[in-house]
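Chemist: Sequences listed follow chains A and B, in order.
Numbering (my numbering) for the first sequence: 61 to 464.
Numbering (my numbering) for the second sequence: 61 to 464.
The hints are simulated quantities; they were obtained by calculation from the structure and are not laboratory data.
Don't be surprised by glycine CBs; every beta carbon is placed ideally from N, CA and C.
Worth double-checking, as some hints may not be accurate.
[To be verified] Quick list of the computed label-pair ranges, beta carbon to beta carbon:
id, chain 1, residue 1, chain 2, residue 2, range
1, A, Asn84, B, Gly225, 39 to 47 Å
2, A, Lys68, B, Ala95, 32 to 40 Å
3, B, Asn345, A, Asp399, 45 to 53 Å
2 protein chains.
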Amino acid sequence: MYNDLLAKRVNPDVPSALSGLFVNDPDPSAISFAAGSPNESLFPVAAMRQAFDTAIDTQGAHLFQYQSSQGNPDLRAKLAARIGKWGRVTTTADNVVLTIGGQQAIELVAKALLNPGDEVAVEVPTYVGALAALDLYQPTYYGVGLQGDGLDLDALETTLKRHPGIKLLYTVPDFHNPTGITMSVAKRAQLVALANRYNFIILEDSPYRDLGYDQAPLSAIKSFDTEGRVVFVSSLSKILMPALRTGWLVADGKLLAAIMKVRLASDLEATGVTHAAINAYLDANDLDAHVAVLKAHYREQCAAMVSALQRYFPDEAAFTTPTGGFFDWVTLPAGIDVDALLQTPAMLGAHVSYVPSTNFYPNRDVHNGLRLCFSGLTPAVIDTGMRRLGEQMKVAVRGVKPVF
Amino acid sequence: MYNDLLAKRVNPDVPSALSGLFVNDPDPSAISFAAGSPNESLFPVAAMRQAFDTAIDTQGAHLFQYQSSQGNPDLRAKLAARIGKWGRVTTTADNVVLTIGGQQAIELVAKALLNPGDEVAVEVPTYVGALAALDLYQPTYYGVGLQGDGLDLDALETTLKRHPGIKLLYTVPDFHNPTGITMSVAKRAQLVALANRYNFIILEDSPYRDLGYDQAPLSAIKSFDTEGRVVFVSSLSKILMPALRTGWLVADGKLLAAIMKVRLASDLEATGVTHAAINAYLDANDLDAHVAVLKAHYREQCAAMVSALQRYFPDEAAFTTPTGGFFDWVTLPAGIDVDALLQTPAMLGAHVSYVPSTNFYPNRDVHNGLRLCFSGLTPAVIDTGMRRLGEQMKVAVRGVKPVF
Numbered sequence: 061m062y063n064d065l066l067a068k069r070v071n072p073d074v075p076s077a078l079s080g081l082f083v084n085d086p087d088p089s090a091i092s093f094a095a096g097s098p099n100e101s102l103f104p105v106a107a108m109r110q111a112f113d114t115a116i117d118t119q120g121a122h123l124f125q126y127q128s129s130q131g132n133p134d135l136r137a138k139l140a141a142r143i144g145k146w147g148r149v150t151t152t153a154d155n156v157v158l159t160i161g162g163q164q165a166i167e168l169v170a171k172a173l174l175n176p177g178d179e180v181a182v183e184v185p186t187y188v189g190a191l192a193a194l195d196l197y198q199p200t201y202y203g204v205g206l207q208g209d210g211l212d213l214d215a216l217e218t219t220l221k222r223h224p225g226i227k228l229l230y231t232v233p234d235f236h237n238p239t240g241i242t243m244s245v246a247k248r249a250q251l252v253a254l255a256n257r258y259n260f261i262i263l264e265d266s267p268y269r270d271l272g273y274d275q276a277p278l279s280a281i282k283s284f285d286t287e288g289r290v291v292f293v294s295s296l297s298k299i300l301m302p303a304l305r306t307g308w309l310v311a312d313g314k315l316l317a318a319i320m321k322v323r324l325a326s327d328l329e330a331t332g333v334t335h336a337a338i339n340a341y342l343d344a345n346d347l348d349a350h351v352a353v354l355k356a357h358y359r360e361q362c363a364a365m366v367s368a369l370q371r372y373f374p375d376e377a378a379f380t381t382p383t384g385g386f387f388d389w390v391t392l393p394a395g396i397d398v399d400a401l402l403q404t405p406a407m408l409g410a411h412v413s414y415v416p417s418t419n420f421y422p423n424r425d426v427h428n429g430l431r432l433c434f435s436g437l438t439p440a441v442i443d444t445g446m447r448r449l450g451e452q453m454k455v456a457v458r459g460v461k462p463v464f
Numbered sequence: 061m062y063n064d065l066l067a068k069r070v071n072p073d074v075p076s077a078l079s080g081l082f083v084n085d086p087d088p089s090a091i092s093f094a095a096g097s098p099n100e101s102l103f104p105v106a107a108m109r110q111a112f113d114t115a116i117d118t119q120g121a122h123l124f125q126y127q128s129s130q131g132n133p134d135l136r137a138k139l140a141a142r143i144g145k146w147g148r149v150t151t152t153a154d155n156v157v158l159t160i161g162g163q164q165a166i167e168l169v170a171k172a173l174l175n176p177g178d179e180v181a182v183e184v185p186t187y188v189g190a191l192a193a194l195d196l197y198q199p200t201y202y203g204v205g206l207q208g209d210g211l212d213l214d215a216l217e218t219t220l221k222r223h224p225g226i227k228l229l230y231t232v233p234d235f236h237n238p239t240g241i242t243m244s245v246a247k248r249a250q251l252v253a254l255a256n257r258y259n260f261i262i263l264e265d266s267p268y269r270d271l272g273y274d275q276a277p278l279s280a281i282k283s284f285d286t287e288g289r290v291v292f293v294s295s296l297s298k299i300l301m302p303a304l305r306t307g308w309l310v311a312d313g314k315l316l317a318a319i320m321k322v323r324l325a326s327d328l329e330a331t332g333v334t335h336a337a338i339n340a341y342l343d344a345n346d347l348d349a350h351v352a353v354l355k356a357h358y359r360e361q362c363a364a365m366v367s368a369l370q371r372y373f374p375d376e377a378a379f380t381t382p383t384g385g386f387f388d389w390v391t392l393p394a395g396i397d398v399d400a401l402l403q404t405p406a407m408l409g410a411h412v413s414y415v416p417s418t419n420f421y422p423n424r425d426v427h428n429g430l431r432l433c434f435s436g437l438t439p440a441v442i443d444t445g446m447r448r449l450g451e452q453m454k455v456a457v458r459g460v461k462p463v464f
């Protein structure tokens, strides 16, 4: 009726990269490796209930008044100290902005920087939600591949030489979504040098940085920033709980001012009550001890996933071996279309799901990869689901094998 | 350093319409009529503390997991029923979207509709935060004046004939911010007929609709909508508490789908924990009884303001007499510049503040009006502050009076 009234950014004929991502399978035996949700059996519910009560009892009515567009200053100070300690980023509460999850932080950076058609570099594959947020500002994308130690910097420089107008690079350096890959510290320093040389902004999105199974977090890309060119983004969704909707970013100078300006216009401020509760939680609890428990669980879940990949998947499937985070990435032989596979009667009958690779590419042009998320499932369920999925993959591989 | 990298929507040389709005006067005797905050002495703190506990105890860990981009379904159903009862809008939970305050609802509608340069009609004066949100999408504005019964529809139609490309009209029909004016029911019906005829969308922003001092809320503009052209927006910030950051909108069809698409990309979802707490609050408490208490207080505060305007302000000042809401609007003789006045030594010494009219006009070209907010102050404080402010206004009026 009124398609003519909608903005160009909203093409009603193209579904959101984020919607329709997950198969809704009501079968009680269904196992989903699709959703990237943290394991809710590990949520510190009682401690957070107490923290809400403490925050309300301490601050009373004023807690429920309009607060601050930048967010609770005590919580900002704690997060600044945290990224100082674990990421070697020297910053203060004044440079931290609390956002509605990491997703809003990405959206605000895109909003502060992008005019329609502006050139943006992204890792391929990359986080589907970042593509959705960037899509709102109608960029021209350039995909840059990943290596075992992160972004392919030679490929990036080639792209920058060809497209010197690129103004933003989006990267997930730690336990990358969707591949689980981590960027080396050497590459982080080199990436900042490239940003200085070619005049672009780096959006460093790092929600999984604390979840290295056997290692401390690496220095953030932001720690090498001397020109205020890096915006660091993280979130409490993966190390505390998603419905608190508390992400955060660290930025400097004019870029910080621009982000604050678009933030104020977008929603005035985030949820002050929740910020105060998180702050009270951090006063009364040891977040690092909680994170250590998470790491132990996710380590075990990841091991179950990798073991199942070895046992049940066809030899033709390549997969990553993450050292942290929630995800494994599987590459199947060219010619397999994992979107189509998801709709076959046999796959539907197997009641097991994943996210097809098309969703992680700006041009949706890679069809033979899949993201598997293990964070919400027990090792036993992972084994059961992967056995079913592996059978389907073997059938699919036989279908495209050369016959001679 | 890198102004060249910022988006055109972020002109670092132009401050946000929302920032710098409020004078920060640390003097203990300072009285601000600027901030539009609700009266926190009326906040139902104990009931909300109980509601958070109830929500957490009832739902446990799952409450803290990713929930729903549209928002808590039980709360949406209650809000749909509420606007059915009080605004005669026939709708369901499926058409309600929970947002981060009403501000985000406005921003999402702008995001779903506007390409740079698109034509938008706004009441003048209008809500400063709406201008900030719309500014993000770089519209061409047309201001339409207000009459005692709301938007001047003849002036609107003249504007529409001249600019048939106008695709959006933004209006605050109930106890308008900043003037306190309410649109008549007859005009609401006529406005929808104009939207149908001239093919535009109406953004009906109604955060104050419940706060008529002596009257029930009027039928919403949305209640006359037969083509899905009206997006109704409201908020719990003014009738419950702002830091819950819970606004909501009602939309239909493709417009709803477009809003949901940009919402998902912007921040995934709002704060599920808070939604569940509000839902528990509404289960255990009578919101209408709470609103009745608010109305009695704001009625008394408004009466103190109007009385003080009569007593202390110069005869040359015209002002509105609101029947609900938080605001009064004063018009001074042409030639008075209320922005400049705010910076005079005498005014600074009086330690009293207001929001100058420039902030409420897209072109910032009206200099002789001011918004006075009485919601956060007792009648005695209102009287004291208005006496001081009136003295300054009398001096200012003498300064521009013709001398013969």
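Chemist: Against which earlier hints does the structure fall short, listed by number upward?
Modeler: The structure conflicts with no hint, since it agrees with every one listed earlier.
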